[in-house]
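**Q** Sequence:
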Amino acid sequence: MTRWKYALTLFLSLTAALTLAVVPVPVWLHDYAPDWAVMTVVWWNLHRPNKASVGVGWLTGLALDILRFTTLGLHAFATTATSYFAVRINLQFRMFAVVQKILIVLLLLAIYRIILFWISGLAGNAVSSPAHWKPLLADLLVWPWLNALMHEILRRIEAKPATEN
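For what it's worth, our numbering labels the leading residue of the sequence shown as 1, then goes sequentially.
Worth double-checking, as some hints may not be accurate.
[To be verified] BS3-like cross-link-like pairs, simulated, lysine-lysine; straight-line CA separation at most 30 Å:
1) K5 to K51
2) K51 to K101
3) K160 to K51
4) K5 to K160
5) K101 to K160
6) K101 to K5
7) K134 to K101
[Claimed, not checked] Pair by pair, the computed Cβ-Cβ distance ranges are:
8) K160 to V27: 45 to 53 Å
9) I102 to A131: 16 to 24 Å
10) A97 to L72: 35 to 43 Å
11) W28 to L140: 16 to 24 Å
12) S129 to K160: 45 to 53 Å
13) L103 to P130: 16 to 24 Å
14) L141 to L67: 19 to 27 Å
15) P130 to K5: 39 to 47 Å
16) V27 to W145: 18 to 26 Å
17) K160 to V99: 27 to 35 Å
18) I111 to L72: 17 to 25 Å
19) H132 to L72: 15 to 23 Å
Hints in this document: simulated from the structure, not taken from any laboratory. For every residue, glycine included, the Cβ atom is placed at its ideal position computed from N, Cα and C.
Make a model of the complete structure from these sequences and hints.
**A** Structure follows, in structure tokens:
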């Protein structure tokens, strides 16, 4: 697969994730909205760390800060730290069973939430504790589907066309 195909796939997947991150959801579902952008960055960091590094996490976090009108650097720092941990464990991640992989991703997303909670507290923003952790439940349910979708997209892009005889 050529370099530009990876770059385009990375760009489009992150653009879709950022769009899903800011799309309005019903009030009853707002507390359970998954962290689409962070999950997508984590997927790229775990499965293709040479294509999407910690810098991609920082840029995605910065885009989240701008799109959500939050303190500049809040999501950027949290996403960067999460990306760093994901890149660090990517080789070990490949050896784990599916359930273990889901738990590792949940742990990475919990680290992201802990950093957001911590920085929001330092900035003086009141964060209701139960509502802050509810997206982890949605992330846990969405991750297997996101993982399967991203693998299928890359499988189709990486497939070599059949040659004619």
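**Q** Against this structure, judge whether each hint is valid.
**A** Outcome of the hint check:
no. : hint                     : result
1   : K5 to K51                : holds, 11 Å
2   : K51 to K101              : holds, 20 Å
3   : K160 to K51              : holds, 20 Å
4   : K5 to K160               : holds, 13 Å
5   : K101 to K160             : holds, 29 Å
6   : K101 to K5               : holds, 27 Å
7   : K134 to K101             : holds, 20 Å
8   : K160 to V27: 45 to 53 Å  : holds, 48 Å
9   : I102 to A131: 16 to 24 Å : holds, 23 Å
10  : A97 to L72: 35 to 43 Å   : holds, 40 Å
11  : W28 to L140: 16 to 24 Å  : holds, 19 Å
12  : S129 to K160: 45 to 53 Å : holds, 51 Å
13  : L103 to P130: 16 to 24 Å : holds, 21 Å
14  : L141 to L67: 19 to 27 Å  : holds, 23 Å
15  : P130 to K5: 39 to 47 Å   : holds, 43 Å
16  : V27 to W145: 18 to 26 Å  : holds, 24 Å
17  : K160 to V99: 27 to 35 Å  : holds, 33 Å
18  : I111 to L72: 17 to 25 Å  : holds, 21 Å
19  : H132 to L72: 15 to 23 Å  : holds, 20 Å
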